[in-house]
Amino acid sequence: MDQTFSLTVNGQSRKVLTDPERPLLEVLREEFQLTGPKYGCGEGQCGACTVLVEGKREHSCVLPIKDASGKSITTIEGLSEGGRLHPVQQAFLEESAMQCGFCTPGMIVSAVALLKEKPRPSEEEILSWMNGNICRCCGYPRILKAVHRAAANGRAL
Amino acid sequence: MKVRSPKSEVRSSEWEHQSEAQGAMPELLVSRRGFVQVLGSGLLITLVAPPVLAQNRGGGRGSAQPVSARIHIGSDGSITVLSGKIEMGQGARAELAQAAAEELRVPFERVQMILGDTSIVPDDGLSAGSRTTPQTVPAVRQAAAAARKLLLNLAAQKWNVSPDTLDVRDGTITHRDSQRSLTYAELARSGEAAEAFKKPPPAAVTVTRVGEWRVMGNSIPRPNRKEIVTGSHKFPSDYTRPGMLYGKVLRPPSYGAKLVSVDLGPAKAMEGVIAVQDGQFVGVAAPNTWRAKAALQAVAQTAKWEPAPHPSSREVFGYLRQRARGGVPPNPFPEQFEKAAKALKATYEVAYVQHAPMETRVALAEWENGKLTVWTGTQNPFGYHNELVREFNLPTSDVRVVVPDFGGGFGGKHTGETAIEAARLAKAAGKPVLVRWTREEEFTWAYFRPAAVIDAEATLDDKGTLTSWHFININSGGAAVDTPYRISKARSRFVQSETPVRQGSYRVLAATANNFARECFMDELAAAAGQDPLDFRLAHLEHPRLRAVLETAAERFKWRERIRTKTPGTGLGIACGTEKASYVAACVEIRLNDSQDQITVRKITEVFECGAVVNPDNLLAQIHGCMIMGLGPALREEMRFAEGQMRNAAFSKYPVPRFADVPELDVHVLNRTDLDSAGAGETPIIPVAPAIANAVFHATGRRIRQMPIRL
Chain A
1 MDQTFSLTVN GQSRKVLTDP ERPLLEVLRE EFQLTGPKYG CGEGQCGACT VLVEGKREHS
61 CVLPIKDASG KSITTIEGLS EGGRLHPVQQ AFLEESAMQC GFCTPGMIVS AVALLKEKPR
121 PSEEEILSWM NGNICRCCGY PRILKAVHRA AANGRAL
Chain B
158 MKVRSPKSEV RSSEWEHQSE AQGAMPELLV SRRGFVQVLG SGLLITLVAP PVLAQNRGGG
218 RGSAQPVSAR IHIGSDGSIT VLSGKIEMGQ GARAELAQAA AEELRVPFER VQMILGDTSI
278 VPDDGLSAGS RTTPQTVPAV RQAAAAARKL LLNLAAQKWN VSPDTLDVRD GTITHRDSQR
338 SLTYAELARS GEAAEAFKKP PPAAVTVTRV GEWRVMGNSI PRPNRKEIVT GSHKFPSDYT
398 RPGMLYGKVL RPPSYGAKLV SVDLGPAKAM EGVIAVQDGQ FVGVAAPNTW RAKAALQAVA
458 QTAKWEPAPH PSSREVFGYL RQRARGGVPP NPFPEQFEKA AKALKATYEV AYVQHAPMET
518 RVALAEWENG KLTVWTGTQN PFGYHNELVR EFNLPTSDVR VVVPDFGGGF GGKHTGETAI
578 EAARLAKAAG KPVLVRWTRE EEFTWAYFRP AAVIDAEATL DDKGTLTSWH FININSGGAA
638 VDTPYRISKA RSRFVQSETP VRQGSYRVLA ATANNFAREC FMDELAAAAG QDPLDFRLAH
698 LEHPRLRAVL ETAAERFKWR ERIRTKTPGT GLGIACGTEK ASYVAACVEI RLNDSQDQIT
758 VRKITEVFEC GAVVNPDNLL AQIHGCMIMG LGPALREEMR FAEGQMRNAA FSKYPVPRFA
818 DVPELDVHVL NRTDLDSAGA GETPIIPVAP AIANAVFHAT GRRIRQMPIR L
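Protein chains in written order, with the numbering used here: chain A, 1 to 157; chain B, 158 to 868.
It is worth saying that the hints were derived from the structure and are not from the lab.
Note that the structure is a prediction, hence the values are computed from the model and not measured.
Every residue gets a Cβ at the ideal spot worked out from N, C-alpha and C, and that includes glycine.
Some hints could be false.
[Said to hold, decoys possible] Rough simulated footprint, nothing fancy, chain A against chain B, three-plus residues with beta-carbon under 8 angstroms:
#: 1; segment: 236-248
#: 2; segment: 291-301
#: 3; segment: 337-348
#: 4; segment: 374-384
#: 5; segment: 437-449
#: 6; segment: 509-523
#: 7; segment: 813-824
Given these sequences and hints, build the entire structure.
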């Protein structure tokens, strides 16, 4: 039975009438036209669908909309402010840390969540955190460089 | 983890600025009118009119096409280059724009690429086989150099001077003596330029020598990378059309199962759902994915199937051998065995694997007045287009395939099945329909990299020289099946078989399997001859380019020093190979855990040579990607099936390489500016797996003759 859910997405209040079990990813993409988060696996294994829920990373492909109700969601589209890229986006740009780019939004949002939680992550912390995100082009070396660069830039601020 | 960069890696911050129009372009391409908007009011726009589809493929043979099929110069000086290639992360968009900018003598950012829209671009063949660099880059350079020459001739005519007295720089032609100048934009506004561009290009157009390259040879990043990092780039799966429905297709519960009966009633009763059956094809479409899933489930519950026998992945190698077409050919050199000092025989097996690109197969189909438009991710826009023409019995000009930059291919996206599904549903619904495969569908129903059974036999004389070689690949393919080593009596063959699952191309095709078997077997032969694996290879290797990468890799890895001492739990391995006119060698260091049942790749040194390097940074990304991707099938990836069902059709059960798997990478590129550029997105895979297997032997004395390599 469809129900109405309210949530905040990228700072905006949104409402949706839908099945409580429907994944947040599908609501974001199909109801709110936020196509930055991607479908990659549907089982929370690849990280392409990563969003922030109350500032923490979540796999939106396995998060039912009922569990996102009343919460604040940030997608890749909500990271830049006033046309200015988020430092993590800037680092990915500067390192050309993408090949096909399909995993990139999830990679960036995961890295943002990491740096929120641990502004000075160690090499091991970066590796184990980012290990939840798959890049099939296997552009991992540059993505790691970008995360390092973002962390270093954060320290410089 | 350390990742070292080769010396060829160049950071070029001068390219940081971004052409905003690039990312927005696909939206504007939605109609022919949209195309006009993109190109502006340039004089050459009218030249689009003759359907490019009717023209011959322009991949490497495009010189007969008029310049206008390839290049448009707007009255504002904007330059648009058209190609049937696509961008899936391999870097074609930047590389082709570089090629055009080089020959037109304009800065890179002045060039916009339109890729993979079959209604307007020339057919450049598939984006596969490492062919963009050796075939399409030259075709674009030829066309751009011809355009430059035509514009120079026009300026020369206007001023009544010889073209030799003119210089061109940044899109401005200047007469050296009088300092008069004309821009491309000014020339583009004149009718003569339009006429000139319509005709076949002038003969004897020369392209810029490598030593004079200004744009090519530089690290230029992906033009639309800003759209990628902001999430605003629209991948095919992100496209929508007004009134669009989400479609799903009923799959059999096992391979070969036949649909006996199905009841569409329960699905049709759901709000907004359409359900279709046409023989074995059953599909649904709904206003959103969630309801489409529910509708499909409702249909599936009513479906009755008749299963078919199917071999399991465990028994598949015997299955393939038994069905080798014409039987497995016997060794043609039996006399060599009588006089040989040593004879060796081994069989290698390579499992079926999946490409598993991040973006699963997707197609959005829309019918309008009997004409079909499809937005999709494919490496084969024109082949895909032709599939749709055949399937729906349409005139060629009534089908349009549009390929926005998409999420990975690796040789796996050559076929149009998803578009056919979407188009069938769209026809039935009378609305546009998007079909996006689930990950499970992608793992189960997309075509696989073929499994291989490879028999290798060779003889050695008493000096440790190879006297005969017999090499048979059953089922997986003939790529790189021939040995690059000098052996007086050698025969290598590919024999077809009957695959029990759908198989097709995969990055570098069968070269991975053939090079795995050959390089592992060479290692076995080296041991039998009592020689160092490097020395044994070099003793049989004449090709200077292959020798160069092998010797350089060994030097960088300090092979000769390191191989003398043995460290418990550590293994060193070496391998090399050539394919697609490029050359590669790798040395690896592996560690084994205490119980000697787990392999960790610690370091790979790889040396690669593909002629003159066009874009060093992108090349490095391709090499890294190949090496790391290659670790998957080398160590773990394997599709497992039994009773007609895929047992591991999920990332949780099919472990592709992740961050933690990345070893120390020491990559070195030999930049041969004296040689033609070859493609580079595939060959760097091929030495990885055999070097690892050889390192396992070095550490344990055990020969593992299977991919994945498991202890």
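Of all the hints given earlier, name the ones this structure violates by number, lowest first. When the structure is compared with the hints, numbers 2, 3 turn out to be violated.
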